[in-house]
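Residue numbers (this note's numbering), protein chains in the order written: chain P, 1 to 275; chain L, 1 to 275.
Just so you know, not all the hints are guaranteed correct.
[Said to hold, decoys possible] Pulled from the structure, derived: some chain P residues nowhere near chain L, Cβ distances all over 10 angstroms:
| no. | residue |
| --- | --- |
| 1 | Lys40 |
| 2 | Asn53 |
| 3 | Ala71 |
| 4 | Val82 |
| 5 | Gln160 |
| 6 | Ser235 |
[Said to hold, decoys possible] Partner residues are not named here, just some residues of chain P that face chain L (Cβ under 8 angstroms, in silico):
| no. | residue |
| --- | --- |
| 7 | Arg26 |
| 8 | Leu58 |
| 9 | Met148 |
[To be verified] In silico PhoX-like cross-links for lysine-lysine, where the CA-CA straight-line distance does not exceed 20 angstroms:
| no. | chain 1 | residue 1 | chain 2 | residue 2 |
| --- | --- | --- | --- | --- |
| 10 | L | Lys56 | P | Lys155 |
| 11 | L | Lys56 | P | Lys157 |
| 12 | L | Lys157 | P | Lys56 |
| 13 | L | Lys168 | P | Lys168 |
Please keep in mind that the hints were generated in silico from the structure rather than gathered at the bench. Cβ atoms here follow ideal geometry from the backbone N, Cα and C, with glycine treated the same way.
Here is how the chains run, residue by residue.
2 protein chains.
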Amino acid sequence: MLAYFNHQFIEVEKVALPITDLSIQRGYGVFDFLRTVHLKPLFIDDYFNRFFNSAKSLQLNPPHDKAALKAIIFELINKNNVPDYGIKIILTGGCSTDGYTLNAAPNLIITQQQIQPISQAIFDSGVKVITQQHQRELPHIKSINYLMGVYLQQKIKEQQASEVLYYKDSIVTELSRANIFMVTYDNKIVTPSTNILHGITRKKVLKLANKNYTVEERELDIIEFENAAEVFMTSTTKRILPINQVDDIIIGEGKAGPITTLLFEQLIKLEKQTI
Amino acid sequence: MLAYFNHQFIEVEKVALPITDLSIQRGYGVFDFLRTVHLKPLFIDDYFNRFFNSAKSLQLNPPHDKAALKAIIFELINKNNVPDYGIKIILTGGCSTDGYTLNAAPNLIITQQQIQPISQAIFDSGVKVITQQHQRELPHIKSINYLMGVYLQQKIKEQQASEVLYYKDSIVTELSRANIFMVTYDNKIVTPSTNILHGITRKKVLKLANKNYTVEERELDIIEFENAAEVFMTSTTKRILPINQVDDIIIGEGKAGPITTLLFEQLIKLEKQTI
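Pulled out of the complex, with its shape left as it was, chain P reads as follows (with noise of 0.2 angstroms):
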């Protein structure tokens, strides 16, 4: 498998950056991670603007513009010929002279990785989700910061959940690597909308939603998933996934819902008519 790395393509397994990068020193880098569906990068104008804001926001200069970057991507699926694959794109804070100072050319990584794709079982039943109070830091900035994130994995599994739900002062803001989604009893849709990364899949769904339903963008409280219908998370690599309980509250049935799943149905078909 080819990966892309400053100016060339490259096997994967032989990329590795010097020491010096503020990535490994400091943490700091930026990325974004879209799907390929028969070869095709889907929403990729999406992802670009996600991408290139979140580069221009910690002051980091791709190396390419969004034209050129596009001719990289589309020649590195050629190039690796895996149709269904995820594509990440990480700009890192380049090397370092004092491993602190922002001085230097960033360095870009693309590489292509397998999705595990969601089978129709786990979809139906659903997903546990745990809960952490946690604010992540710049927040609409798609940074390579998962300090809390991967520091929670072991707790995520031992308490036999999927992922972890963020909140404030009881306001729930997002998942750990998820954007959440409330279906209330009388078909409301309900997601935050401030202090959160602004998901692809979660602007397609909002879009989905507006067509059927009402839908509020506002601050969410956890109590209000004890008389939630459905729940359900948003992703590139889940797309819609529906959560049946939330710390010890059961949502709705305990399954996926009706509105989810169709809200599914129709993601699915957006992908295809996209394509």
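Fit chain L to the supplied structure of chain P, relying on the hints for placement.
Leaving out everything else, chain L in the frame of chain P:
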């Protein structure tokens, strides 16, 4: 200059990490930083205790125990033969098959780097710091996450400041890479003790201060700086550095104060006694 990387001594320019390492993928890792004085590592047991605690907290198993790691560091110091240098020990999350799951042995990197000494003129005048509402994630762990600190570099420079002091709801915690101390007009030494990284220099200064002054480890409100006699920061590289201004507040006489200077002299003396 040699580095130590996964069981061998190697030219530092040749050390590179596979991009699947969780430091690059997710900003996940711990480190510590100590100084040598005349080719001897200063307060190494204190630094080792903190490093091994940080590693344990992030579920990372160092490849060597304390005795073996100490022997490696002494060998590195002897091989490089540069007096009065810094020693950085980084332990990363290791290579992860999916770029997220913590499932491999950590990578250990030990490097030496030059320390820019604080000039007498800078010490005498003190430096300006700016403030920022922020709470470091998992503050007691010396993780590599400096997203906020690196992000704020440009702002610090623009404001002609040297460092940034974090606070939350008006309660001061620490600077991005140093601890904070205040001296009151009735000669009390005040420093925060919660939601911070416990600096080794902070510990030594507290011990020295306790001999001659009343020391208060307690919450410190940002407004108290308006009536502070002296303010200073402590860190491994800076030892003790007077602060003459916090945002728009001029501290005391706007220069290095007598108690700060006395503590600095006592710290230098302690270093000489230790080595």
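Here's how the hints hold up against the structure:
no., hint, in the structure
1, Lys40, "holds (23 angstroms)"
2, Asn53, "holds (14 angstroms)"
3, Ala71, "holds (22 angstroms)"
4, Val82, "holds (16 angstroms)"
5, Gln160, "holds (16 angstroms)"
6, Ser235, "holds (12 angstroms)"
7, Arg26, "holds (4 angstroms)"
8, Leu58, "holds (6 angstroms)"
9, Met148, "holds (6 angstroms)"
10, Lys56(L) - Lys155(P), "holds (15 angstroms)"
11, Lys56(L) - Lys157(P), "holds (18 angstroms)"
12, Lys157(L) - Lys56(P), "holds (18 angstroms)"
13, Lys168(L) - Lys168(P), "holds (14 angstroms)"
In this structure, every one of the numbered hints holds.
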